[in-house]
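Chains A, B and C, in that order, are what the protein sequence lines are. In terms of this note's numbering, the first sequence is residues 1 to 277. In terms of this note's numbering, the second sequence is residues 278 to 879. In terms of this note's numbering, the third sequence is residues 880 to 1047.
Please keep in mind that the hints were generated in silico from the structure rather than gathered at the bench. Mixed in with the good hints there might be a few duds.
To be verified - Simulated crosslink set (SDA-like; lysine to any residue; CA at most 20 Å straight-line):
{"id": "1", "chain 1": "A", "residue 1": "K8", "chain 2": "C", "residue 2": "I932"}
{"id": "2", "chain 1": "A", "residue 1": "K13", "chain 2": "C", "residue 2": "W950"}
{"id": "3", "chain 1": "B", "residue 1": "K467", "chain 2": "B", "residue 2": "E477"}
{"id": "4", "chain 1": "B", "residue 1": "K753", "chain 2": "B", "residue 2": "H661"}
{"id": "5", "chain 1": "A", "residue 1": "K10", "chain 2": "C", "residue 2": "E951"}
A quick note: this is a predicted structure, and the numbers were derived from the prediction, not measured.
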Amino acid sequence: MTEALVLKPKDYKSRVTPIWCPGCGHHAVLNALTKAMVALGKNKDETVMVSGIGCSSRLPAYIDSYGFHGVHGRGLAVAQGLKVARPDLTVVAMGGDGDGFSIGGNHFLHACRRNIDLTYIAMDNEVYGMTKGQASPTTPMDWDHSKLTPHGPGLRPFKPAAIALSAGAPWIARGYSGNPNQMAKLISEAMEFPGFSFIHVLSQCITYCPEQTDWKQVVHETEAEVVTDMAQAATLFLAEDGMQTGLLFRQQRPCWPPPAQAPQHNAIAVLAKSLRA
Amino acid sequence: MKRWLRSLTNICCVVAFHLGGFTIMAVLNNLQATGGELAIAITGAGGAGVISCGELILRGWARKGGRGMLRKSFGPQIRGGESAALLVLSSNECYTAATHYQLVLALDWINFDRFEDEIQVSSDTLVICDSNDTVPGSIVASGATVRDLSFEQLSKQAHPEGRANMFAVGMLAAELGLSPGDLCQLAEQKLAGKDQAYIEAAHASIVNGYDHPLHCDLKRPAVGDTDSWCVSGNQAVGFGALQAGVRFVAAYPITPASDALEWMAGGLEMAGGQLVQAEDELAAINMCLGAAFGGVPSFTATSGPGLALMTESIGLAVASETPVCILNVMRGGPSTGIPTKSEQSDLDIALHGLHGDAPHLVLAPTDIADCVSTTEWAVQLAQHLQTAAIILTDQFIAQSTGIVSPPVNSQWQAPQSTDVASEQQDYQRYQLTESGVSPRAAPGDPGRRFTADGLEHNEAGTPSARASDHSQQLDKRRRKLASVDFGNNWADIAGGGELGLISFGSTTAAVKRAAQQLADEGIAVTTVALRLLAPLQITALDTALSACNVAIVVEQNHSAQLFYYLRGCCDLAKTVHSVARAGPVPISAEEICASVREVMQA
Amino acid sequence: MSESLRAFLAHALEMETEAGERYQELAEAMGLHNNPEVAEFFSTMAAEASVHIALVKQHADGQTLPILKAWEFDWPDVEAPESTSYESTHYRMTKRQAMQLALANEKAAEQYYRQLARETIDDQTQNLAAQFAEEERQHAAGLERALRQLSIEPTHHRQDDDDPHVPE
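With the hints as constraints, model all of the structure from the sequences given.
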């Protein structure tokens, strides 16, 4: 019976139980990712999850595929090197708001710009959850629960979608951990999109930001058609409340790098000859 | 005329020129020892093109079967600055910086004092320059013979667009017995892309210069086999890496390593590989890890400041057991330091710069030719041992172009893999094995899925904070380096004397010369040129020095990094001394000899 | 078997499957976070779900059901009615709270089936939907009885005197 051959979401999970607090939004992202892999019939051996450091970066260990858990902020660099060297693989990069927009900010910008065919899921809980709740680049200005910034960061938070747009990302979506099925759809579309697909996930932190349970009341699914014009998207991303979910921007662009040339016959011998006196 | 040490050729030429005609005066030739050497400096500023002059002469000399090396020195400007082409022509391939120049062609004297440290002249030097320029005080004080020649004027006689640097090429060609036709052809290759009129003017200048020989009977070194390479250390490293199978390079430019990456860009494309220009060094090293995780041997190149940025992720390579090779071309440090000059002051960071206990490989080619096989070896070792290899060269080796006999390849063979195919339930990426090397899966391999991790982990790769897992994995990562047979290439050992001279990298050539000199003086020397700096082959080193009562560690840095490293690992000899000096002026054989004599007398 | 029934069974199967898997995940999470009482409760719920799954499959009687992607199912809310939302859990939640979540799930499931039974024009679907609704009602009733037997617990149970830990 065909049913037996089709993998189920739990078949894509590893045997390791996540250390995430019960109530954490990342559980839903894991759930969504497995559903997307089911929908696309992804081969576990040919899929790689790549992450940096942080709670959300623990995700690769919870998926039964190849994975690379790197250092803080550098997951996107690892993912890009991997995909360029092994274009045959499905590469998904992931991490949190600190990992991606603070220490990893530069790599985020350039990953958007390079438009290498991979998917980046940023699980944004507006806090550094793993290291005891410091403010991150997306923390609201007046959030004063961190000892490092007891009066609140006092800085305007980044708008990751707007940054991604201006840096060159051709596919930008937003998800919410309270809606894993919508996230699954977005992840599935992201993985199919030829190019750099960025999903900004609002994923609540139950421990440091329990107030984020209120997100449920304000998150809203977009009713508009996906925007395909950059100027329009710029207006959208700068003006929006940052809580709208769905595929928000998409534009077809050539991926980078172009397909590699076939190796020249006797390349090494030719190079040796070029170094002769 | 003062006698020089026998290992150097000393020529003194005295020539006088008149505008529109030439009078050749008598030449005094001093005797030359075996291993003749001729050092020529060509200087000029404002786009005079002296580097091109030096390059053409070197290549012309190579075509004749000559051996030699070209170094370059510059002012800080990007264009139009002061430049010096420093040529050493010799009959052997033991290339050191010349400590004395027999011939200086100064197309102009603009800011020449910048080069005073490097271009040392004496009363045995012939200096040729335009009489309209004021000769620098240091030249006058040296007692060098100064002869007037207006390069600019003479070159314009043959052709209205005539160029002084090409005129100089012609002159030198005549002096060195090179064919003007060869030089014209080489010039055309060099100037490919410029318009025909420009190339014609260059040709005319060369031919014109050839017809104005110096007639100073410079003592030419003997020539040999024309089967040679004309290559820089950076190119040689790049070639070695490609030959060893590197097919992914991530590049972030930094002086003096960028040329290696640029050369590799072309080579990689030909070989079917990929190069990504990274946004910073942190991206570069991590991209390499990604590609390597995917099973593609990868490589990056940087210098001190970049290596410092990369250290966290090099540690990730060690902890996750992902192979990677990093070329570090050492330059003057610390911090931004002296980017265009050579030093050996990154030994400490290469050895000890990773946080935690992170044993890894550090190798150092001994000269330009050695860059090929040592880099190949580094890649082979990194791949087999699943760790990071840092290859240390320096600006001297990296950016000097040397004529070398065709380089040899690495002879090292990885031990046979005892990898037995296993199914998912059995496969453990970090399995504890006797050798310490675990069978390594890569994405695409069926049934061996794992997550590589910088977190300490158990055999399966699951993060672990347990004492047993940590000590087992630490032991494993150390054991795999300790239990592999590195063979004999960990160092080059020569001689058998009671005095041991220990070096690494570019000081090796100076040490070899010093050893020869000392031997002539009756002091028997054992030279040890280290190639594998980490893991240090302590037993083998002790054996190599077993006949030595005194050991001197020679290095180009201020804090005697190699000296303290070696002494921290073993005794070396009954008495150990350090000869350590920072850049930018390369340590010379004479300096080493002087220190040795001092030590021996004490 | 009608298209409508096939689709209905596909939904029922998905609902029960995800309910069971979710309970299992939460049981493991609670186990790891050292809340054994709740872990055990969720584990029991997971086991019950497998019974329900088996029953649904029986009704499917070897028919091929439509294979839908997770987001193609037509649920009244963002997730399947019986799936406990991840965000409704807490590592120090009490058994009472866990049971209340399960109860809400059963009621939502019952409501879902009832609504379907009302709306469908297919007889087979209507019958089965009504049947399933009744079963869910019984599950709910069972949970309500069990809840009444639970002792009252302290109001500050979620408090933890210790600060959160920093694992990395």
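Determine which of the earlier numbered hints do not hold for this structure and return their numbers in increasing order.
Result: no hint breaks.
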